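Next come the chains, spelled out residue by residue.
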Amino acid sequence: MSKQIKVALIGNPNTGKTSVFNSLTGLNQQVGNYPGITVERKAGVCKLPKGVKAHILDLPGTYSLNASSLDESVVIELLLNANDKDYPDVAVVVTDVENLKRNLLLFTQIKDLNIPSILVINMSDRMRKKGISLDIEHLEAELKTKVALTSTRKNEGIDLLKNLISNYKSLSTDACLDISQIESSYFGNLQRIFPNQQLYKLWLVITQDVNFGQVTKKKIDALSDFKVKSDTKLKRLQQKETIKRYQFINAVLKKGKTVDLNAATDLRIKLDRILTHKVWGYVIFFSLLMLIFQAIYDWAQYPMDFIDETFAALSELVKTTLPAGVFTDLIAEGIIPGLGGVVIFIPQIAFLFLFIAILEESGYMSRVVFLMDKLMRRFGLSGKSVVPLISGTACAIPAVMATRNIEGWKERLITILVTPFTTCSARLPVYLIIIALVIPEGSFLGLSYQALMLMFLYLLGFGMAVGSAYILHKVLKIRSKSFFLIEMPDYKVPQFKNVGITVVEKTKAFVFGAGQIILAISIILWFLASYGPGDDFNKAEEIVTENLSSLELSEEELNQRIASYQLEHSYIGIAGRSIEPVIQPLGYDWKIGIAIITSFAAREVFVGTLATIYSVESEEGEPIKEKMRGERNAKLGVPRYNLASGMSLLLFYAFAMQCMSTLAIVKRETNSWKWPMYQLVVMTSIAYLAALIAYQTLI
Amino acid sequence: MNDIIQNILVFTSVGIAVYFLLKKFVIPAKATKSCGHDDCGCH
Numbered sequence: 000m001s002k003q004i005k006v007a008l009i010g011n012p013n014t015g016k017t018s019v020f021n022s023l024t025g026l027n028q029q030v031g032n033y034p035g036i037t038v039e040r041k042a043g044v045c046k047l048p049k050g051v052k053a054h055i056l057d058l059p060g061t062y063s064l065n066a067s068s069l070d071e072s073v074v075i076e077l078l079l080n081a082n083d084k085d086y087p088d089v090a091v092v093v094t095d096v097e098n099l100k101r102n103l104l105l106f107t108q109i110k111d112l113n114i115p116s117i118l119v120i121n122m123s124d125r126m127r128k129k130g131i132s133l134d135i136e137h138l139e140a141e142l143k144t145k146v147a148l149t150s151t152r153k154n155e156g157i158d159l160l161k162n163l164i165s166n167y168k169s170l171s172t173d174a175c176l177d178i179s180q181i182e183s184s185y186f187g188n189l190q191r192i193f194p195n196q197q198l199y200k201l202w203l204v205i206t207q208d209v210n211f212g213q214v215t216k217k218k219i220d221a222l223s224d225f226k227v228k229s230d231t232k233l234k235r236l237q238q239k240e241t242i243k244r245y246q247f248i249n250a251v252l253k254k255g256k257t258v259d260l261n262a263a264t265d266l267r268i269k270l271d272r273i274l275t276h277k278v279w280g281y282v283i284f285f286s287l288l289m290l291i292f293q294a295i296y297d298w299a300q301y302p303m304d305f306i307d308e309t310f311a312a313l314s315e316l317v318k319t320t321l322p323a324g325v326f327t328d329l330i331a332e333g334i335i336p337g338l339g340g341v342v343i344f345i346p347q348i349a350f351l352f353l354f355i356a357i358l359e360e361s362g363y364m365s366r367v368v369f370l371m372d373k374l375m376r377r378f379g380l381s382g383k384s385v386v387p388l389i390s391g392t393a394c395a396i397p398a399v400m401a402t403r404n405i406e407g408w409k410e411r412l413i414t415i416l417v418t419p420f421t422t423c424s425a426r427l428p429v430y431l432i433i434i435a436l437v438i439p440e441g442s443f444l445g446l447s448y449q450a451l452m453l454m455f456l457y458l459l460g461f462g463m464a465v466g467s468a469y470i471l472h473k474v475l476k477i478r479s480k481s482f483f484l485i486e487m488p489d490y491k492v493p494q495f496k497n498v499g500i501t502v503v504e505k506t507k508a509f510v511f512g513a514g515q516i517i518l519a520i521s522i523i524l525w526f527l528a529s530y531g532p533g534d535d536f537n538k539a540e541e542i543v544t545e546n547l548s549s550l551e552l553s554e555e556e557l558n559q560r561i562a563s564y565q566l567e568h569s570y571i572g573i574a575g576r577s578i579e580p581v582i583q584p585l586g587y588d589w590k591i592g593i594a595i596i597t598s599f600a601a602r603e604v605f606v607g608t609l610a611t612i613y614s615v616e617s618e619e620g621e622p623i624k625e626k627m628r629g630e631r632n633a634k635l636g637v638p639r640y641n642l643a644s645g646m647s648l649l650l651f652y653a654f655a656m657q658c659m660s661t662l663a664i665v666k667r668e669t670n671s672w673k674w675p676m677y678q679l680v681v682m683t684s685i686a687y688l689a690a691l692i693a694y695q696t697l698i
Numbered sequence: 000m001n002d003i004i005q006n007i008l009v010f011t012s013v014g015i016a017v018y019f020l021l022k023k024f025v026i027p028a029k030a031t032k033s034c035g036h037d038d039c040g041c042h
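Quick note, the sequences are listed as chains A and B, same order. 412 is the number that numbering that gives the first Met the number 0 gives to position 413 of the first sequence; each next residue is one higher, with no gaps. 29 is the number that numbering that gives the first Met the number 0 gives to position 30 of the second sequence; each next residue is one higher, with no gaps.
Fair warning: there could be bad hints in the mix.
Take a look, some chain A residues computed to stay more than 10 Å from chain B by CB distance [stated by the list, open to error]:
no., residue
1, E76
2, K277
3, F284
4, F326
5, T327
6, R377
7, L471
8, Q515
9, E540
10, I596
11, K626
12, E630
13, T669
14, S671
Selected chain B positions facing chain A (Cβ under 10 Å, derived; list incomplete) [as the list claims (entries may be wrong)]:
no., residue
15, D2
16, K23
17, I26
Pairs of lysine-lysine, DSS-like flavour, derived with a Cα cap of 25 Å [claimed, not checked]:
no., chain 1, residue 1, chain 2, residue 2
18, B, K23, A, K507
19, A, K5, A, K143
20, A, K491, B, K23
21, A, K84, A, K52
22, A, K373, A, K409
23, A, K673, B, K23
24, A, K129, A, K52
25, A, K5, A, K161
26, A, K253, A, K239
27, A, K243, A, K232
28, A, K254, A, K269
29, A, K161, A, K41
30, B, K22, A, K507
31, A, K666, B, K23
32, A, K41, A, K5
Keep in mind the hints are simulated off the structure, nothing from the lab. Since the structure is predicted, the reported quantities are computational estimates derived from the model, not experimental observations. Just so you know, even glycine gets a beta-carbon here, dropped at the ideal spot from N, CA and C.
Using the sequences and the hints given, assemble the complete structure.
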């Protein structure tokens with residue numbers, strides 16, 4: 000009768016364990032269920048040299064012997080119960096050459112059960128591509144085992160594995176880790192009570208509630224001279240065990256496995272080498288940014304013009320078709336222009352999120368985060384600060400909330416304080432309209448000045464955030480530590496559906512979120528601009544006609560003068576003129592002042608406010624951009640929106656803390672009004688100073 | 000008649016708008032709500 004041995008094939012999921020099983024058994028397989036449970040049981044027979052017959056059991060994939068699922072429990076139950084009919088003579092642990100470190104955790108646990116074990120390092124065909132080299136002798140010596148380097152794809156190493164299985168008796172059964180190292184007193188006591196039992200098995204009985212032989216968890220718990228630990232303390236010991244195992248594995252792999260990125264020919268590694276390169280990585284990232292901003296301008300121009308003209312035409316249509324009166328005026332001059340001021344930015348915002356979604360979906364964004372981490376650390380930020388800073392380009396609120404995974408309080412606080420400097424999507428409408436008005440249309444190296452200006456503002460925001468972080472890092476006397484861990488996903492072609500969903504979600508959030516506030520503010524603004532106290536407002540027509548009777552004005556010009564006079568003496572005009580002394584040095588008139596105040600609710604309200612104010616003043620159904628272009632600074636006789644006032648406004652919005660909701664969320668995250676007030680005062684002061692310097696220098 | 004109706008509509012709209020803004024920014028909400036899947040309610 001031929002000799003028969005039982006082999007258990009064990010390994011992490013996705014290590015090619017089933018391929019090894021198929022290579023060993025061919026068609027000699029039986030598939031069924033484990034008794035009583037619906038976990039698939041695969042067994043097969045393999046003929047080994049010298050007429051030995053191996054019964055191979057392909058166990059469910061498991062990451063460790065700390066079971067968290069039914070599949071994993073099956074593995075532990077079998078390996079702990081020597082009386083089980085399937086209890087293996089030898090365990091074949093399959094690992095993947097690329098994830099050896101993670102896979103070895105399970106191997107060391109199985110070794111510690113004193114089961115003869117063979118280490119299969121699979122997918123060896125990928126080693127050259129990945130630049131991986133292994134010191135097999137070193138690995139065998141340190142792990143006290145025999146190693147089979149296999150490639151089931153190329154059918155390599157399977158004969159070696161068969162030989163190792165047939166010679167399993169020569170394998171060492173020594174453990175990799177002395178479990179008592181974790182807590183000597185606890186394990187010493189356990190061994191004293193069960194002197195004939197293997198210590199690691201006892202530990203698994205306690206932590207996994209599995210039984211072997213006569214020893215059960217109930218029995219251990221019932222012992223009067225053994226102090227049972229709480230679940231929390233047991234979890235802590237399990238964590239210590241895992242740390243010890245990884246320390247051991249790291250030491251083994253330090254010499255046992257080397258990865259030479261320069262020798263790697265794999266596409267992912269090649270791309271990583273370029274995209275995370277200390278020079279090319281940044282060059283590529285900034286080139287991509289430039290292309291994105293250029294595309295935002297070029298592609299969005301046509302739909303934007305269409306929307307602008309449509310809203311202007313809609314206002315006219317409402318005025319001509321609805322019965323004349325104040326409510327018709329409210330719709331035509333308040334609501335429609337106000338909403339038009341938001342809707343017009345849909346194309347540009349959709350394009351921005353389209354590009355961001357593509358970069359995220361393709362796996363490139365993770366490389367940017369990794370790349371930026373190196374930069375961040377120099378400024379006292381955590382590597383994890385990169386995520387809030389990048390997500391701050393959409394909105395500061397989720398970005399501030401994303402700081403919760405930064406362990407160190409100091410780094411977290413700094414990140415919270417500087418994140419509002421990054422250019423959020425709410426600033427975009429303000430930037431876009433001002434840039435369109437004050438930056439010329441020429442181009443430099445194929446990139447328009449306007450796109451370059453927009454990119455400059457994004458970089459300015461990011462630079463300001465990082466610079467402030469550096470200062471805060473030096474100023475704040477808080478001690479804390481943090482680390483950065485990121486898993487790099489594989490590169491992939493972005494899925495159209497995912498990208499589409501992201502773009503629609505983000506654009507919808509922008510339009511409907513902003514739309515409600517802008518609609519409400521537009522109604523109130525129109526009301527405040529259309530009503531006023533005293534004779535100056537109510538008898539505006541008489542006063543202007545009388546004052547200008549000496550001039551020969553056309554009816555249109557006269558009406559324009561009357562509307563301006565009336566607006567100046569409306570409620571909003573009075574409020575605006577009262578703050579004019581403060582904002583005049585920045586190059587703003589009272590209308591811009593009102594827009595700045597209302598945009599404290601949300602920055603993009605700025606455009607909607609101006610659209611409403613100018614619509615009340617002007618009878619013509621012009622697009623908002625044209626109305627703004629036509630505004631004049633009466634004192635200086637120059638356009639209101641010129642380079643000096645435009646740069647002043649851009650810088651003001653780049654630095655000012657113009658968002659009530661951000662302040663509220665900072666208060667919630669820091670549990671104090673101290674930090675949001677600090678942000679409000681410091682950021683607004685910086686914004687005012689920067690705007691003042693810009694205007695006074697350029698005028 | 001038209002003027003009266005239009006005035007009523009204007010004042011009603013203004014009242015609703017003021018109430019909406021007060022509710023959003025001044026009167027504290029009982030539970031924190033976000034305005035979208037992963038957005039913030041700040042717009």
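Enumerated hints in conflict with the structure, sorted upward: 4, 5, 8, 17, 20, 24
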